[in-house]
Structures are given as structure tokens and as C-alpha cells.
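Trainee: If you want the building blocks of each chain, they are given just below.
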Amino acid sequence: MHEPFLRYRHYRWLKLSLLMVLIAVGAYFATPATDRSGGTRVGYALGGVSAALMLWLAWFGIRKRSYRARGAPLRGWLSAHVYLGTALLVLVPLHAAFRFGWNVHGLAAALTVLTIFSGLIGVVAYASIPEQMTQNRPGEKLVALFEQVGMLDGACKELAAGLPTPVARAVNDSVEETRIGGGTLRQLAGGDPSGPTRRALVVVQGAQKAETVDRLSGDTLQKLRANLSRKQTLLGRISRDLRLKALLDVWLVVHVPLGLAALALVAVHVVAVFYYR
Amino acid sequence: MQLRDFIGKATLLRTEPGEVIIKRNTRADALYAILEGRVTVAIPDSDAAADTVYGDAEAGEPSTFDLGPGQFFGEMSLLSDRLHSGTVTAKAASVVVWAPRQAVITLMKKDATVRNILDEALVFRRLRNLMGPAVPNAEVQALAKTTVLETFEAGATLFTEGDAPNGLHIIRRGSVTISHTKNGRDAVLAYVPAGNVIGEMALCAPDRKRSATVRATVSTETIRIPPEAIRPFLERHPEVMHKVVQKLTNDRLAQNAARIDSRASDVVSFLMKVGAGEATNILLIDESLCVRCNNCETACAETHGGISRLDREAGPTFASVHVPTTCRHCENPKCMTDCPPDALRRHPNGEVFIMDNCIGCGNCERNCPYHVIQMAPREPRPRPNKLLQLLFGIGHDEGTAAHHGSGDVRKMAVKCDLCREREDLKLPGAACERSCPTGAIVRVDPSTYINRIMSTTD
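So the sequence lines, in the order shown, correspond to chains P and U. Those letters in the first sequence? Residues 1 to 277, by our numbering. Those letters in the second sequence? Residues 278 to 735, by our numbering.
Nothing false has been slipped in among the hints.
DSS-like mimics (lysine-lysine), calculated; alpha carbons at most 27 Å apart, straight line:
| hint | chain 1 | residue 1 | chain 2 | residue 2 |
| --- | --- | --- | --- | --- |
| 1 | P | Lys64 | U | Lys703 |
| 2 | U | Lys300 | U | Lys286 |
| 3 | U | Lys611 | P | Lys141 |
| 4 | P | Lys223 | P | Lys157 |
| 5 | U | Lys550 | P | Lys141 |
| 6 | U | Lys611 | U | Lys386 |
No wet-lab data here; the hints were simulated from the structure.
Assemble the whole structure, with the sequences as input and the hints as a guide.
Mentor: Okay, structure coming up:
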């Protein structure tokens, strides 16, 4: 029923990309070995096609936001974006006849290749992370998890009100000092936000063992312990969710600027080639 | 008097040969009766052909029959509230009476004869289709006359595994699930929508018991042919017994054996539990494909004045099937029950929509069991200029709330309208589905979806 983008229309774009690569390889080897370079007819053709492809690949950013577009659905575009983009890994070296130098031309090629690899990382992330996210948080909104933490905090504070100062303080710290999320790097690191809660749990467990505990506060401590444990589990799930989402998105932060830089360098490369010919 | 009312609402259609009168998979808006000419009805054999996503599935060879003056068509879909199962084309230049759905339903409610005639036609055609050409019309008609109309509330049991058979059921309206208990666990074997026949297995042998339990997923009506009528008939026609009943039974047995432990069966149980049985068009997300980019919500908001009618995250999930919070266009919409200005309407394609005369009372929002209706400001905010937004941050972000200013804002009820606005602009498909980069989201008729997942055994 669902048509994953990689399988769009029975792998239409994979087939077309392979065909394009085959034609390019054929044209390359049809040229005499001594004549192979970016300056031959085949070389210009390969370069022209690659540059046009890069412009078209960058257009995906616009198409993604065109909600009134006709023609193929977005999954078709992404399918083509992935397969045609990957084909550049062959087209670019063929255009350069496998000669790369430490100059602006080499930099253009390097940025192009890096962009493609960052995109491939995205494909891998898209294939593996969504399922982990579902397992971690099936059918619940992230907001709902935060609300549950809020409710547990309220309940913990109430329970701790009548307990000895160290316990009350530890619980208060768990409420006040829990920090979740933060910048992208912190989210990616997935730091454990449950430190204060864990410390509070240790204090509560210690208090439970103390000999002075009467039955009433014993019950309260037990409830407190249960609430804090639940909060600890919830915090773990929240930080895991944030980490997975950050992993799902972070490649794009690299892919897009790299892609734009590659386009700019390709423009410089083209101007340089024709100006200094 | 009733008839005069009815005739007043009906109109005459003149059709040229080859003109399509009813298109398959559209919603019943009327009953058609032939005054002059001939029409051909073509019903594909395989319902698997009803594929809304790929659109290139091979349809089975359709079975066709002709109808002439005095006969009517379109009753099956009208009675069951389902999409048309076949295509009707004029064979010769014809004159057809077109009677709107509401007029037919009113007449049926008031006049038992009309109801009986339509029911008999439904039963006759369904049986005719099932029995094959060898059985004479008169016998099929006689069988059709023995039927009993039965009504079941949502969740009620039509029959239970191990019961003595009480005949053959033709589902007139609603839908059922067939399930089997194994190791104390109820496994759903099939979802059967209106227009189909169930209970044939127990007819194979006189001492055979019901092999599965059948429950109504929504309020359901069936037309039952009692065993005392169907048994002698089958004895007189061993070829029907052999070809039809046994084939049906074997097919179903094979399917059932394959499905009893499959994940598909659990998914169907889940879908029924969350109310997909009463949906005509449901949004489903495959969470193993969803990259949580929210482009579906943004696309929805961009199509509807800045307010998304879809909450992607909210809603139940089972395995990787997620049912987001958005309208399912129920067969019997509860939102429509108490609308003072009668602003909630139903389009022939099944869509339930809200008209501009909504007074913002919020009744529909409260009546919807799936919380898919929200109250939103009447005047949407103008679309932002993308370039200004990008370069200078002028204007609101794409897909954010359209509400501007505070204080007294006139509100109206809004919900998914299957992208009517896009339809007017001749844009294809629903914005959410078309804007999903990975193909995770589908808007689909639940029975098509269930048939599809049930036919791919894993």
C-alpha cells in the first residue's frame, strides 16, 4: 500500500540512473585513452550534464516547499534526487578523466562528493531511525511525555512536603534542576537528563533504610520512590526521542550548505576553465 | 403524495451510446431507472484492482450484464453507503430517470414496498452473480423472496464459532470481521464490507458448525437466507454447491490458515479497534517510513489558510501503522447529527465537509469521537512571501497558525475536507499525501487497505 521513495514506480529512477551511468562509461571508454579529459567533446558533455544535474538536485529544496506543485508527488522527486545524485559519483570522475589537482577544480569535485556522501548518510538515517523512534514512543505525543513528567513533579513535591529536609531538598532538586534537550550537539550527545532524579532516588532509598522511619512516612517514601522511578524512565525516553530526531535531521545541516558550496565552486570552476583557456 | 414528491425531485437523463453513467469507485448519489434504451454494467472480479496509490494495478476481467427498460441500477451502493462497485455505460441511446439519494431513502422509509423491491433487487443481483448462469432466474428470485432483514449494533455478534448455521448472510450495510479463537486469542481473519456474502462455509455439509465468529464492526444490516431455503436449493443444484460454495470455502480456508498467525491479522484487529470500520477514507502513516519532518502538516496548513487539519503525532499506533488524528469521513458521521444550520454535508465522493454557513457552535467538535474537528478563525491570514520570509524573516512561517490579532475572532469548525480547494484548482491528490518525501502517508479506503495487507501474507 505504502510506496517507499526508494522503490518509487518499481525503481524507475534507479534504472534510469544506471542507464545514464552506463552511457557515460561507454562514451568515456569509446574515446581514445590519450584524448580523455574534461576538454574533449565527451568531457564537455559529461561536465555539462553533471552541472545541470547539480542545479536540478538543488531545486529539490524549492520543490519540497511547493505545496501546489503538479506532476510527480514529492516521494518521486526524492527518489530521483537520491538515485540521480548518486550517479554523479561516477559522472564527475569521468568528466575529470580521474585527474584531480589541489586547485579550485579539485575543490569543486571534493565538495560535490562530500555532499553526495552526506546525502547517503541521510538515506541510511531515514531507513533505520524511524523504527527506533516508534519503538521508543509508540502512539504518544512528545508533549504528552513532558506533561506526564510535570504531573509526576507535582505529585513528588506534594509527597516530599512532610518528609525530612534532605529528602525534600533532593526531590526539589529533581524538579528544578532537570535539564532536557538544549542545542543540537547536546541533543546528539543524548546526555542523561535524569541525574538529579537519580540522586533523589538514592536519597529516598537511604531514607527508607533509616531506622527512624514510621509507617506513615514509609508509605510516602515508597510512593515517592515509585514516582521518581517512573520519571527516570520517562526522562530516558524523552532524551532518546530527542537524540533520534536530532540524528534524523543533523545530516541535512551538513548536506544543504555543502551542496550550495559545491554549486558555487562548480560555477567558479566553469568560469575559470573558460576564462583561462 | 410521497410519489409526487419523489417524482418532483427526479430528473431525466439522456445518454448517448458509450456514455458512462456511473463510474466505479465513486459514491452513490442517486438511483437510476431505465425508461428507454439499454445499459451495460461491468463489475471487475477482483477487488484488488481498487488501488488508489499505484493506480496501475491490473483489474480482473470484469463480469458484465445488460439492463433494459423498466430495470434500475445503483441500488447496491445506495443501500450499503459504499462506493459503486462497477461502471455503468449506455449501450444504446437511452433515457434514464435519475432519482437523488435522499429522495430514494425518504421514500424507502415511508413505503415498505419500495424498500422490499430494492432489497430484493440487491439480493437477486448478488445471488445471480454468485450462482452463475446455469441457475434459472425464477429460482434465484424465489430464493431472494425467502430472505430476512437483520440488524446488528457495532460490536454485536452475527454468529459464533461452533454455532449451528443459520443460513447465508448478504451484508446490506456496514461491515463485519471474521475471527477465530486460537490459544485463547482472537485472531481476525478477514474484514468484509457491505455487498459481500458470508456464512457459506457451514452450508457445505448439513452437520457442519460455524467455523469462525463474525462480528459487526459498525452498525450493520444483513439480508439472511435461512437454511431451510438455501439447503433444498443447493441439493437441487449440486453444480452451484460444488462450484460456488465449495470454492468460496476453499479460498477462505486457505486464506484463514495463512492469516491466523500473521501480523496482518493483528493490524486489522487494531484498525477495527480504533474505528476504521466506520471510515470511508482514512489517513494511515507507516512509521517505519515516516521521518517526522511534518511536511504533511505544513502542506495541510498551506492548503487551508495556515491551519493544519491533521495532527500527525497524535493518534494510536500498532506495529508501525499509525492512525493520525484527522477526519476519516465516517459512513454515518456523528458530527452531522446535531448541526443547527445544517452546515455539515456529504459530497458524492464520500467526503464530509463543513459549509460557510457554520455558526461556530462547536456541536460537531464535541460529537466527533475521534477529535478531528477544531474551531478556527474565519479569516485566514494572507500567504507569506517566501523570499521576504527567508531573507528578512518578514511574515509568519510556512504552515503556522493563521490567527491574527486577539480578542473577538469569529470562529468556525474546520476539519479535513480531502483538499476541496486543490480539487477546484485541478491539483492532483491530497496535499499531505503528495508532500510526503518518503511515501509514508496514504489516504485510502480502509477495505482496500485491509484487502491489500491481508493478501500479502508475511
